[in-house]
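Chemist: If you're matching them up, the sequences are chains A and B in order. Residue numbers for the first sequence, in the working numbering: 1 to 107. Residue numbers for the second sequence, in the working numbering: 108 to 229.
A portion of the hints provided could be inaccurate.
As the list claims (entries may be wrong) - Listed next, with one range per pair, are the computed distances between beta-carbon atoms:
| id | chain 1 | residue 1 | chain 2 | residue 2 | range |
| --- | --- | --- | --- | --- | --- |
| 1 | B | 121 | A | 40 | 23 to 31 Å |
| 2 | B | 134 | A | 81 | 25 to 33 Å |
| 3 | B | 118 | A | 3 | 28 to 36 Å |
| 4 | B | 170 | A | 56 | 28 to 36 Å |
| 5 | B | 228 | A | 41 | 18 to 26 Å |
| 6 | B | 152 | A | 80 | 23 to 31 Å |
| 7 | A | 107 | B | 138 | 43 to 51 Å |
| 8 | A | 14 | B | 228 | 37 to 45 Å |
| 9 | B | 181 | A | 8 | 37 to 45 Å |
| 10 | B | 152 | A | 92 | 17 to 25 Å |
Claimed, not checked - Simulated pairs of lysine-lysine, DSSO-like, Cα-Cα distance not exceeding 27 Å:
| id | chain 1 | residue 1 | chain 2 | residue 2 |
| --- | --- | --- | --- | --- |
| 11 | A | 45 | B | 152 |
| 12 | B | 152 | A | 107 |
| 13 | A | 103 | B | 152 |
If you're looking for bench data, these hints aren't it; they were derived computationally from the structure. Every residue gets a Cβ at the ideal spot worked out from N, C-alpha and C, and that includes glycine.
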Amino acid sequence: DIQMTQSPSSVSASVGDRVTITCRASQGIGSWLAWYQQKPGKAPKLLIYGASSLQSGVPSRFSGSGSGTDFTLTISSLQPEDFATYFCQEANSFPLTFGGGTKVEIK
Amino acid sequence: QVQLQESGPGLVKPSQTLSLTCTVSGGSLNIGGPYWTWIRQHPGKGLEWIGNIYYSGNTNYNPSLKSRVTISIDTSTNQFSLKLSSVTAADTAVYYCATSYDTPPEHAFDIWGQGTMVTVSS
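Model the full assembly from the supplied sequences, consistent with the hints where possible.
Modeler: Structural data, given as structure tokens:
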């Protein structure tokens with residue numbers, strides 16, 4: 001199985017801050033990487049697929065980058081509705097695996 | 108707009124079989140492209156991929172659950188189902204159905220059900 005390791009596990013930030021979350025795969029996965037946002041009691045929401053492609057309807061302040069084993073999700077200017085937990089996911093090889101999550105909290 | 112909805116018992120006794128159904132609306136299961144997937148999330152924890160099924164009936168399962176999991180599809184009712192046998196308290200989780208409807212061949216899940224909480228307890 002491919003292990004996905006996210007860091008940090010939590011981050012405290014203020015509205016307007018730039019926030020960066022990283023995800024590392026235990027082996028190369030090309031660009032087969034997705035990012036999700038999850039709010040309490042809700043299903044995850046797809047933000048990014050193909051490591052850097054923005055899902056339709058997702059604000060442009062979200063961006064993804066990376067390939068191979070190292071990936072980044074960046075929120076350029078944090079908005080109140082962005083406080084949530086974010087997960088990365090390897091999107092090609094079975095079993096598909098998720099990172100442990102990064103909780104973005106209000107500072 | 109394709110939508111997914113999970114249904115099934117919220118309480119299952121230990122050693123019994125957990126059975127859930129996902130109903131697809133706004134689109135057809137019987138198309139090439141998307142895989143129809145089950146994912147679970149233990150309380151306060153991360154996400155675990157359980158397995159998926161293609162419209163043809165081909166399945167893929169997580170090796171950690173493979174001996175206990177069966178995913179099936181019924182294109183006539185536009186539903187796919189999950190059965191997990193010999194459950195224990197460790198199977199208590201929110202179960203989601205999901206699909207990569209507009210993102211294949213990548214398995215990036217753009218459509219999710221709302222999730223259903225299943226508790227294993229006597």
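Chemist: All hints, please: hold or fail.
Modeler: Results of checking the hints against the structure:
In this structure the supplied range 23 to 31 Å holds for residue 121 (chain B) paired with residue 40 (chain A), their Cβ-Cβ distance being about 28 Å. Between residue 134 (chain B) and residue 81 (chain A) the Cβ separation comes to about 28 Å, which falls inside the hinted range of 25 to 33 Å. Taken as a hint, the range 28 to 36 Å holds for the pair residue 118 (chain B) and residue 3 (chain A), whose Cβ atoms sit roughly 33 Å apart. As the Cβ distance of residue 170 (chain B) to residue 56 (chain A) is approximately 33 Å, the hint placing it in 28 to 36 Å holds.
For the hinted restraint 18 to 26 Å between residue 228 (chain B) and residue 41 (chain A), the CB-CB distance of approximately 21 Å keeps it satisfied. Remark: the range hint 23 to 31 Å for residue 152 (chain B) to residue 80 (chain A) is upheld by a beta-carbon distance near 26 Å. For residue 107 (chain A) and residue 138 (chain B), the Cβ-Cβ distance of about 46 Å falls inside the hinted range of 43 to 51 Å, so the restraint holds. In this structure, residue 14 (chain A) and residue 228 (chain B) meet the distance hint of 37 to 45 Å, their C-beta atoms being roughly 42 Å apart.
The hint said 37 to 45 Å for the Cβ distance between residue 181 (chain B) and residue 8 (chain A), and at roughly 44 Å that hint holds. Separated by about 23 Å at the C-beta atoms, residue 152 (chain B) and residue 92 (chain A) satisfy the suggested range of 17 to 25 Å. The suggested pairing of residue 45 (chain A) with residue 152 (chain B) holds, with an alpha-carbon distance near 16 Å, which does not exceed 27 Å. A threshold of 27 Å between alpha carbons decides the hint, and for residue 152 (chain B) with residue 107 (chain A) the separation of about 22 Å falls inside it, so the pair holds.
The straight-line distance between the Cα atoms of residue 103 (chain A) and residue 152 (chain B) is roughly 11 Å, inside the 27 Å bound, and the hint therefore holds.
Taken one by one, the earlier hints all hold for this structure without exception.
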